[in-house]
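Enquirer: Each chain, written out:
2 protein chains.
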Amino acid sequence: MKLYTYYRSSAAFRARIALNYKGVAYESIPRHLLRQGGEHRQADYLKVNPQGLVPALEDDGVVIGQSLAIMEYLEEKFPEPPLLPRDPLARAQVRSMTLGIACDMHPLQNLRVTNYVARELGQDDAQVARWRLHWIDLGLGVLEEMVNRHSGDGRHCFGNSVTFVDVCLLPQMVSARRFGCDVSRYPALVKVCEHLETLPAFANARPEVQPDAE
Amino acid sequence: MKLYTYYRSSAAFRARIALNYKGVAYESIPRHLLRQGGEHRQADYLKVNPQGLVPALEDDGVVIGQSLAIMEYLEEKFPEPPLLPRDPLARAQVRSMTLGIACDMHPLQNLRVTNYVARELGQDDAQVARWRLHWIDLGLGVLEEMVNRHSGDGRHCFGNSVTFVDVCLLPQMVSARRFGCDVSRYPALVKVCEHLETLPAFANARPEVQPDAE
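Line by line, the protein sequences give chains H and B. All letters in the first sequence, in the order written, are residues 1 to 214 by my numbering. All letters in the second sequence, in the order written, are residues 215 to 428 by my numbering.
Keep in mind the hints are simulated off the structure, nothing from the lab. Owing to the predicted nature of the structure, the values given are computational and were not obtained by experimental measurement. Each hint should be verified, as a subset may be incorrect.
[What the hints assert, rightly or not] Distance windows between CB atoms, simulated:
(1) GLU194(H) x ASN362(B): 21 to 31 Å
(2) ASP426(B) x PHE179(H): 49 to 59 Å
(3) ALA343(B) x ASN115(H): 11 to 21 Å
(4) LYS405(B) x GLU194(H): 45 to 55 Å
(5) GLU422(B) x TYR26(H): 45 to 55 Å
[Claimed, not checked] Restricting the straight-line Cα-Cα distance to at most 30 Å, the calculated cross-link-like pairs of lysine-lysine (DSSO-like) are:
(6) LYS236(B) x LYS77(H)
(7) LYS291(B) x LYS216(B)
(8) LYS216(B) x LYS22(H)
All C-beta atoms in this analysis are idealised placements derived from N, C-alpha and C, irrespective of residue type, glycine included.
Model the full structure from these sequences, guided by the hints.
Expert: Right under this line is the structure:
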C-alpha cells in the first residue's frame, strides 16, 4: 500500500495510526501542502485523487481519499485488531464521536479554510487564531463529556480498547496544543492521550518522526 | 425509532432518506434550530445528545448523533436494500465521496458556522453568501468529476444503485440551489438528482413535506 501523506496533516496522522495499529506496511509518498502552492493541488496528484487532499491510500491500484474512508476500509480488510466494537449500537456511538471530530472540528481548522478566513475575509492572525480555538474548544468540550460517559478504563475514549475515536483524538489534541489551546480544561481527554502516546502505533505516526518532517 | 430532526437541516434530510430507503418507521421529534436561540442547544436536548446537533436517532434507548453514524448503523442493522456496495474497495470509494460532502462541504455552510462568520468576523450578507458558495462550488466541482468517473448508469453517483453518496448529494444540491448556486455547471450531478427525486425514499424526506415545515 502507498499512503499520500504530509507529516503535519492531522487527517494523514489518523491514517498512519490506523495503518500502524493494523500492522500494515506501507510506503509514504509525501505531498507538501505549502510548497509550490500546495503539491496536493498539482495536476499529477489531482489525477490520482480528484479531491486534492491528503491523506489518500492506494491499494491494488485504487486510490481512497478521506481518512475515515481509509479507516473503515482497513477495518473491513484487516478486522484484527479491531478499531470498532462488535455491538452495532456501540459501533454507532464510536462513529458518532469520531464524526464529531472529523466533521465538526477538523474541517474548520484546516489550512485551506483558515487561509480563506485570513485572505478572503481579511482577518488578522489574532482573529484566525480565535476562529480556530473557538471550534477546537467547542468540540473538545463535547468530547470531554462523551468520554466521561463512554470510557471504560479512562485510558480510551470508548470502552476499554482503541477505537476510531482514539485514532482521531490524538491528532486533534496535538493540533489543539500547537494552536495554543489550554487542554488542561479537558482532563479526561488528556488522560486518554497520555495512554495513547505510549502505544507504538500512535507514537510512530507522530508528525515529527515522519520522513518528510521539517 | 425516534428521529430528532429539523425540516431544513441538510444532515437530518440525509437521515430521513436513509430511514425511508430502509423502510424503517420512525417518529419525528422536531427541534427548531432557530427558535429560542436553538432548541438543539437546550439543556433537555443536550442530555439526550451532548453534541447538541440534529439529527439524532434513538433506538433501544440509545441515542446516536451524526447523520453518517446513523446511516452506517442502519446499514448494519438493515442490510437490505443496501446503501453500500459489497466490494471493499468500492465501499471505500463510496465512503470517500460521501465524506467529501459531509466533511469538506456541509460543515462550512451550516448555520452555526455562517453565524460565526457574520457575527464574530463581522461579514455582511454578501460576504457570507460568497463564503457559502465558495465551499459549495469547490465541493460540487470535485463531486462532478468523481460521478463522471464512478457512475454506472448516470442516475446514481456510484455504480447503478443508490448509495450513501446519493443520500448526501440530494440534500446538498437542495441547499446549493437555496443559496443561489448555479448548479447547471454540474450536469452529471443534476442528472443524478433528477432521478433521485423520483424515488419515494428521497421525495418523502424533502424539507417541505416534513411535519415541522414552515
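Enquirer: Does each hint fit the structure? Answer for all of them.
Expert: Against the structure, the hints come out as follows:
Evaluation of the 21 to 31 Å hint for GLU194(H) and ASN362(B) yields a failure: the beta carbon distance comes to about 47 Å. The given range of 49 to 59 Å is broken by ASP426(B) and PHE179(H), whose C-beta atoms sit roughly 38 Å from each other. Against the hinted window of 11 to 21 Å, the Cβ-Cβ separation of ALA343(B) and ASN115(H) comes to about 20 Å, which satisfies the hint. At about 52 Å, the beta-carbon gap between LYS405(B) and GLU194(H) stays in the expected band of 45 to 55 Å.
Judged by the Cβ atoms, the range 45 to 55 Å given for GLU422(B) and TYR26(H) holds: they are separated by roughly 48 Å. With a C-alpha separation of about 26 Å, the suggested pair LYS236(B) and LYS77(H) falls inside the 30 Å cut-off, and the hint holds. Our distance criterion of 30 Å between C-alpha atoms is met by LYS291(B) and LYS216(B), whose separation comes to about 15 Å. For the given pair, LYS216(B) sits about 36 Å from LYS22(H) by alpha-carbon distance, which is inconsistent with the 30 Å threshold.
The earlier numbered hints that this structure contradicts are 1, 2, 8.
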